[in-house]
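**Student:** As they're listed, the protein sequences go chains A and B. Going by the working numbering, the residue at position 219 of the first sequence is 219; the numbering climbs one at a time, nothing skipped. Going by the working numbering, the residue at position 237 of the second sequence is 237; the numbering climbs one at a time, nothing skipped.
FYI, nobody ran anything at the bench for these hints, they're computed from the structure. A few of these clues could be false.
Simulated restraints, written as ranges between beta carbons of each label pair [unchecked claim]:
| # | chain 1 | residue 1 | chain 2 | residue 2 | range |
| --- | --- | --- | --- | --- | --- |
| 1 | A | 55 | B | 214 | 56 to 62 Å |
| 2 | A | 104 | B | 78 | 17 to 23 Å |
| 3 | B | 267 | A | 135 | 29 to 35 Å |
| 4 | B | 64 | A | 94 | 34 to 40 Å |
| 5 | B | 252 | A | 196 | 20 to 26 Å |
DSS-like, lysine-lysine: derived pairs with alpha carbons at most 27 Å apart [what the hints assert, rightly or not]:
| # | chain 1 | residue 1 | chain 2 | residue 2 |
| --- | --- | --- | --- | --- |
| 6 | B | 279 | B | 292 |
| 7 | B | 61 | B | 288 |
| 8 | B | 26 | B | 13 |
| 9 | B | 76 | A | 113 |
| 10 | B | 13 | B | 279 |
| 11 | A | 183 | B | 61 |
Just a sample of chain B residues kept apart from chain A, beta carbon distances all over 10 Å, derived [said to hold, decoys possible]:
| # | residue |
| --- | --- |
| 12 | 15 |
| 13 | 23 |
| 14 | 114 |
| 15 | 117 |
| 16 | 118 |
| 17 | 121 |
| 18 | 128 |
| 19 | 159 |
| 20 | 162 |
| 21 | 183 |
| 22 | 287 |
| 23 | 299 |
These numbers come from a predicted model, not from an experiment. We treat Cβ as the ideally placed atom computed from N, Cα and C, and that holds for glycine.
So you can see what is in the structure, the chains are spelled out below.
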Amino acid sequence: MAAKQGAATTTYSPKIIARTRPPIFKNSDLDWTRPDGRGFHQCRPALLQTGAVSSASGSAYAEFGNTKVIVSVFGPRESKKAITYSDVGRLNCNVSYTTFASPALGSQGTDHKEYSSMLHKALEGVIMMETFPKTTVDVFALVLESGGSDLPVVISCAGLALADAGIMMYDLITAVSVSCIGKSLMIDPVTEEEGCEDGSFMMTCMPSRSEITQLTITGEWTTPNINEVCLSIILLSPFSCCSGLETVVFLFSLLMLSLCLKHMILIN
Amino acid sequence: MVACSVGEQHFLKGGIAQELRTDGRKNLTYRHTYVETGVIPQANGSARVRIGGTDMIASVKAEIGRPSSLQPDKGKIAVFIDCSPTAEPTFGVSFYLALVTCVLWFLLGRGGEELSSELALALQKCLLGGKSGAGVGINLSSRLIKEGRVCWDLYIDGLVISSDGNLLDALSAAIKAALTNTALPKVQVSAEVADDEQPEIDISDEEYQQFDTSSVPIIVTLTKVGAHYIDDATEEEESQMSSAVSISVNRAGHICGLTKRGGSGLDQSVILDMISVAKHVSETLMNKLDSKISAAEACEDES
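All chains, full assembly: derive it from the sequences and hints.
**Tutor:** Here it is, written out as structure tokens:
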């Protein structure tokens with residue numbers, strides 16, 4: 001029975017859910033092409049992999065176009081810095097860039113404090129901290145190549161790495177950024193687009209709970225514009241942003257299921 | 001950091017649920033605001049803003065610099081925030097007794113330094129707009145003296161003297177007041193020089209010009225405690241918050257920036273609701289603040 005199930009699922013492809021969504025971008029906006037020839041509401045081709053670092057409790061590698069990120073999760077392990085008892089766990093996040101991540105000279109592969117704190121904020125609402133009291137979970141992200149929308153890729157990848165480490169979460173986390181140039185809104189901008197954007201919008205959400213854990217907006221936005229982006233991202237995220245993630249999670253849960261089955265077989 | 005007992009927590013949350021907070025305010029009412037301008041003679045512009053127990057000084061210093069090669073038509077602005085250790089023991093190591101708590105807080109990642117950089121980052125996001133320069137609160141082009149050569153570099157410094165919650169709102173109000181107070185001397189640039197030479201500059205002692213600060217946004221922070229959200233939270237209330245959203249709104253009613261603090265997630269409809277509430281609140285707050293700033297300016301001129 002178990003073998004039959006396994007055989008059936010080897011050729012799994014994500015189910016396409018028939019749901020209509022309103023057009024996010026009007027036709028009048030589509031009068032110029034993006035540097036990589038994508039549509040305005042199209043994400044870059046993504047590659048997501050778990051288990052990239054063998055020494056970590058969980059790890060993931062993500063590639064969105066030219067943005068390449070590796071995230072490893074260590075723990076839950078003893079808090080080295082903790083002085084007092086705490087009945088909820090601690091989360092420690094660090095985002096760093098390699099020296100060759102961006103073409104700018106003299107960038108010494110430094111830690112990115114701003115991104116570290118934003119990653120922390122994005123993740124703390126998703127992880128069930130009370131499941132690992134007194135201990136710390138370390139999330140280390142390394143941007144191998146910076147090709148635009150670095151932080152959203154880091155956050156999505158971190159969510160995957162946490163799942164791979166078996167850390168309890170309310171939902172898998174996904175992040176996406178939107179750039180506003182002139183009247184057009186474009187999803188998942190590359191570095192060139194980020195450099196000339198009028199405004200940017202970064203949102204982290206838990207798709208199945210449609211809950212926003214982190215949101216930053218810069219530049220000037222009108223309220224209808226924000227409403228539009230907010231609503232479209234929520235609608236969009238289960239499709240373009242998460243289809244890859246869902247695949248991986250599905251594979252991951254499949255793995256767990258198969259382990260459980262094996263365990264049951266052993267007991268019997 | 002305030003520690004509340006369970007009873008106090010219930011009292012706080014119950015009050016907010018019934019639109020009557022511990023200090024007698026309604027959920028969307030600000031504490032008494034007090035504005036004083038021109039408090040630091042060494043700076044080009046300065047202001048002190050008090051909102052309840054929160055006390056801030058903002059100063060604007062200007063120096064002549066070169067615009068960056070990437071944006072030759074714009075001046076530069078830097079925002080620094082300093083959380084004085086006297087404001088709260090967790091901000092520094094000034095007292096022996098505070099040392100232990102400080103180390104603790106610092107290790108937990110909430111020391112004064114981290115708070116300062118977080119506040120500065122949020123303000124930078126709200127004041128400087130998008131990368132192309134759209135939607136800026138402070139018009140960077142007006143700081144330009146000669147394209148590609150000479151511009152004003154503005155250094156905005158905020159100092160938290162005393163902290164009783166709602167730091168970001170108070171800081172944005174203080175910065176707006178300080179910018180209104182700022183007077184830059186008129187500068188004459190010698191007409192034509194070779195490309196690689198720095199032109200001669202003549203700074204006038206008598207003539208000053210002021211900024212147009214009407215487009216500088218203010219920040220409204222809505223703090224979610226339980227199922228309700230409140231304006232201008234005190235430190236006690238902030239210790240009970242689940243999340244807080246800081247929204248910067250300009251005079252036109254446009255959103256110039258938004259940052260979220262606090263762990264728990266929010267439903268998107270709640271965020272959209274918060275944005276519309278913040279827009280509404282900011283309108284009255286902006287009018288109140290403007291009249292206070294002009295009163296303070298008039299007061300300074302008299303003395």
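**Student:** Each hint needs a verdict: does it hold in this structure or not?
**Tutor:** Right, here's what the structure says about each hint:
| no. | hint | in the structure |
| --- | --- | --- |
| 1 | A:55 to B:214: 56 to 62 Å | holds, 57 Å |
| 2 | A:104 to B:78: 17 to 23 Å | holds, 19 Å |
| 3 | B:267 to A:135: 29 to 35 Å | holds, 30 Å |
| 4 | B:64 to A:94: 34 to 40 Å | holds, 39 Å |
| 5 | B:252 to A:196: 20 to 26 Å | holds, 23 Å |
| 6 | B:279 to B:292 | holds, 20 Å |
| 7 | B:61 to B:288 | holds, 26 Å |
| 8 | B:26 to B:13 | holds, 13 Å |
| 9 | B:76 to A:113 | holds, 22 Å |
| 10 | B:13 to B:279 | holds, 25 Å |
| 11 | A:183 to B:61 | violated, 36 Å |
| 12 | 15 | holds, 26 Å |
| 13 | 23 | holds, 29 Å |
| 14 | 114 | violated, 7 Å |
| 15 | 117 | violated, 7 Å |
| 16 | 118 | violated, 6 Å |
| 17 | 121 | violated, 6 Å |
| 18 | 128 | violated, 8 Å |
| 19 | 159 | holds, 21 Å |
| 20 | 162 | holds, 25 Å |
| 21 | 183 | holds, 27 Å |
| 22 | 287 | holds, 19 Å |
| 23 | 299 | holds, 33 Å |
The structure fails to meet hints 11, 14, 15, 16, 17 and 18 from the earlier list, while all remaining hints are met.
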